[in-house]
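We have chain D; now place chains E and L with the ligands onto it with these hints.
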Amino acid sequence: MIEFLSVYGENWSTWQPPMVSAIWVTLALTFCAYILALAIGLLVALGRMSNSAMLRAICKGYVEFTRGVPTLVILFLIYFGLPGFGIVFDAFWAGVIGLGIGMGGYIAEVFRSGLQAIHFGQREAALAVGMTPFQSFRYIMLPLAIRIVLPPMLNMLILILKDSSLCALITAPELMLFAKDLASTTFLPMHLYLLVGVVYLALSLPMSLVARRVEARMQAGMSR
Amino acid sequence: MTLTEKIELYSITLVKGAGWTVSITLLTFCIAVVLGLLFGAVKAYGGKQTYSSTFTLKETLSYVLARIAIIAINIYVEVFRGLPALAVLFILYFGLANVGIRLEPFTAAVMGLGLIGGAMLTEVFRAGFGAIHGGQREAALAVGMTPLGALQHIILPQTWRVTLPPIANYAIGLLKDTAIVSAIAAPEIMFFARNLVTRTFDTEIIYILVAILYFCLSFPLARLADRFEAKALEGAR
Amino acid sequence: MAEPLLKVENLHKSFGSLEVLKGIDLELAKGEKIALIGPSGCGKSTCLRCVNFLEIPNQGHIYLDGELFGQKKVGDQYSQMSEKELARQRATIGMVFQGFYLWPHLNVRDNVAIAQIKVNGMAKSEANDLAMDMLKKVHMDHKSEEFPERLSGGQQQRVAIARALAQRPKLLLFDEPTSALDPELVGEVLNTIHELADEGRAMMLVTHEIAFAREVADRVVFMDGGGIAEQGPAKDIIDNPQNPRLQSFLGQMLERN
Ligand SMILES: Nc1ncnc2c1ncn2[C@@H]1O[C@H](COP(=O)(O)OP(=O)(O)O)[C@@H](O)[C@H]1O
Ligand SMILES: [Mg+2]
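Quick note, the sequences are listed as chains D, E and L, same order.
Under numbering that gives the first Met the number 0, the residue at position 162 of the first sequence is numbered 161, and the numbers go up by one with no gaps.
Under numbering that gives the first Met the number 0, the residue at position 27 of the second sequence is numbered 26, and the numbers go up by one with no gaps.
Under numbering that gives the first Met the number 0, the residue at position 161 of the third sequence is numbered 160, and the numbers go up by one with no gaps.
Hints are computed from structural coordinates only; laboratory data are not their basis.
Don't be surprised by glycine CBs; every beta carbon is placed ideally from N, CA and C.
Mixed in with the good hints there might be a few duds.
No more than 20 Å apart at the CA atoms, straight line, and that leaves these computed lysine to aspartate or glutamate pairs for EDC-like [what the hints assert, rightly or not]:
#1 Lys57/E / Glu54/L
#2 Lys47/E / Glu54/L
#3 Lys57/E / Asp75/L
#4 Lys169/L / Glu198/L
#5 Lys71/L / Glu58/E
#6 Lys47/E / Glu82/L
#7 Lys72/L / Glu58/E
#8 Lys136/L / Glu194/L
#9 Lys123/L / Glu145/L
Computed Cβ-Cβ distance ranges for the label pairs, DEER-style [stated by the list, open to error]:
#10 Gly250/L / Gly134/E: 31 to 41 Å
#11 Gln15/D / Lys83/L: 57 to 67 Å
#12 Ile67/E / Gly186/L: 46 to 56 Å
#13 Val209/D / Ser81/L: 24 to 34 Å
#14 Glu148/L / Glu214/D: 24 to 34 Å
#15 Glu122/E / Asp181/L: 36 to 46 Å
#16 Ser5/D / Ile70/E: 24 to 34 Å
#17 Lys47/E / Leu204/D: 22 to 32 Å
#18 Leu67/L / Ile74/E: 34 to 44 Å
#19 Arg66/E / Ser178/L: 31 to 41 Å
#20 Lys47/E / Val213/D: 20 to 30 Å
#21 Asp89/D / Ile74/E: 34 to 44 Å
Next up, chain D with everything else stripped away, as it sits in the complex (with noise of 0.2 Å):
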């Protein structure tokens, strides 16, 4: 145990601070396909509830297709497969595109079912106590919207966070391409994927913690 761990103090100069721009490349690229994914997720939640049963069909052929194909494989295409079309981009921008496409669909449906399990009564009886329809969106039906729709929204943070990982077979010089590289030259692979598994820990764990307080006071809310 001793010896094992005497392996960490002895590389620690040399593994730091490759090992700390990899966790900000891993942060940027979880940060930037989130906001992809939202922006995806909300216009496809809106195209799925608009008039146009065409772009009704788009959408749920969008959403279809997500959860239907792995993200690696969407990642592939886009790395491997779009330049054949003459379409290039570097390791890590394919990576924010792939994980926000794969990711969207899901927040798109998670926006649908949140806008939907509100009640018209709801709204009418913010109307009937005198609120103006602004007033009814601001304090009735968007508060309700957030309940609903807050928990999940943290969870596919910490899913994308995850996915993120992936970006290493696509070679965006994140934090496991980070331990795939020095493992192959140093031959301590159990040391570096053990290292990067509590980084990722030390990542996740306090944002499924946020989420988890989130959910049972947006739950507590609810019931009362």
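Chains E and L with the ligands in isolation, oriented as in the chain D frame:
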């Protein structure tokens, strides 16, 4: 070769990979359900006892064991829900080999995905059991059922309504996640595809075929999940 | 005197540091009906639940029909029974809960029949016939295909009683069977229990319906402070209470009704 010939040729190889994908998915799914049921039940029912100073040694021991089991399960769940699947696979395959435990890629893949799935389903089943009032179980014991009988005849049939939709969605996610195990050279669609690509360089055709193939595999599962969800909503009304 | 149907001997039960039962001794003859009364939280439910070992006593023994219940005796050592043996014994005692606890995924008939099929290995058709007979007894046979959530509370409780009757129990335990009901539904459930009492069934009934207890029970047992504070023939105890705590308790109950 014309495009159609290529498509035909590649499809044959990829469908072979699909057979492996399905076996990995099925095997992993079974492991995850067993782990999830077991740990979910322990989490839901293991913490019920309140400690009493009049406990005999045996009772104290079983009480302490139950507490330890729940803590261990909680740690397991948190760790395997927080780690990327790729990290788990790399630790099991490359990491363990490095310390002298050599797993077949297939074994490492099923173990890794199974452990991750078990952590997910533990929470699903715990929530399912938790949604059923404790009185239901007592009423079953009162008519003479054993705790196992109560679980089988009374609790589980009710739990399915709540747990089937997330289980079906888990199965879809699992099917998709199997694509990752190509990274440890376990045979499945993606692994066959990557080999094809290095031989033929027909990158875009092959990965489009792969996408279509995954879609075809998961489509029936998705419809099943929708059915379960609709049923659950009906039941909740 | 003939051997009692139920014998509760020096029953102790604690939850953590809270000592709820501090040595209960009680006997119930064949066909006898006992009403357990007492202030909320005094341990009536706990006592009832210890009788069929839903709650494991810390000390003391239960005998049903002369047979040690829930425990085994080897030499003078008592040890707990296996869950399987315990289940067989529990099948001989019927229990009706305050919260009904019908199983929502089964229709009314299956709620009554399932234990006979799964526990006693009865053929399905036979169990269904038995269930219908029991449902007739509680006047619920016309709802046999309904699911519990579509029934009123009173109807649910009567089905729960039918479920207990289908066990052909030696003893029936009722834990505040009407406390969760709307006032206008209490009567139908009390009537059903009254009919069962008239059939000469042995029962132990926890209730706050003092008038009903006086009319139906042979004996009233007043619990207070973790023990039995006073007991005796129903009419004597209720019309002429001696214990001052019982007097004030009865006063409160009368005021409430
Ligand atoms: N499972 C339990 N764990 C801890 N305390 C309990 C439990 N069940 C009952 N109690 C406590 O034991 C006391 C007696 O409860 P109970 O038998 O339900 O009273 P009653 O039925 O007379 O109202 C109460 O103080 C109650 O809070
Ligand atoms: Mg009670």
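Checked hints:
1. As the CA atoms of Lys57/E and Glu54/L are separated by approximately 17 Å, the hinted pair is consistent with the 20 Å bound.
2. Proximity of Lys47/E to Glu54/L is assessed by CA-CA distance (about 12 Å); at most 20 Å being required, the pair is judged to hold.
3. As the CA atoms of Lys57/E and Asp75/L are separated by approximately 18 Å, the hinted pair is consistent with the 20 Å bound.
4. Taking the CA atoms of Lys169/L and Glu198/L, the gap is about 13 Å. The hint holds against a cut of 20 Å.
5. Straight-line distance between C-alpha atoms of Lys71/L and Glu58/E comes to about 16 Å, which keeps the hinted pair within the 20 Å bound.
6. With a C-alpha separation of about 17 Å, the suggested pair Lys47/E and Glu82/L falls inside the 20 Å cut-off, and the hint holds.
7. Note on Lys72/L and Glu58/E: the hinted pairing holds, with a Cα-Cα distance of about 18 Å set against a maximum of 20 Å.
8. As the CA atoms of Lys136/L and Glu194/L are separated by approximately 9 Å, the hinted pair is consistent with the 20 Å bound.
9. For the proposed pair Lys123/L and Glu145/L, the alpha carbon gap of about 18 Å is at most 20 Å, so the pair holds.
10. Distance hint check: the CB atoms of Gly250/L and Gly134/E are about 32 Å apart, consistent with the given range 31 to 41 Å.
11. Range check, Gln15/D to Lys83/L: about 60 Å between beta-carbon atoms, so the 57 to 67 Å window is met.
12. Distance hint for Ile67/E and Gly186/L: a CB-CB separation of about 52 Å, consistent with the stated range 46 to 56 Å.
13. Between Val209/D and Ser81/L, the C-beta spacing of about 46 Å breaks the proposed range 24 to 34 Å.
14. The supplied range of 24 to 34 Å is met by Glu148/L and Glu214/D, whose beta-carbon atoms lie about 27 Å from each other.
15. Glu122/E and Asp181/L have their C-beta atoms about 38 Å apart, which keeps the hinted 36 to 46 Å range intact.
16. Separation of Ser5/D from Ile70/E is about 29 Å and conforms to the stated range, judged on CB atoms against 24 to 34 Å.
17. Our hint of 22 to 32 Å for Lys47/E and Leu204/D holds, since their Cβ atoms are close to 27 Å apart.
18. Between Leu67/L and Ile74/E the CB atoms are about 42 Å apart, so this pair conforms to the stated range of 34 to 44 Å.
19. Checking the proposed 31 to 41 Å range against Arg66/E and Ser178/L shows it holds: the Cβ atoms sit about 34 Å from each other.
20. Taking the beta carbon of each, Lys47/E and Val213/D are about 28 Å apart, inside 20 to 30 Å as hinted.
21. A hinted range of 34 to 44 Å for the beta carbons of Asp89/D and Ile74/E is consistent with their spacing of about 39 Å.
The earlier numbered hint that this structure contradicts is number 13, and it is the only one.
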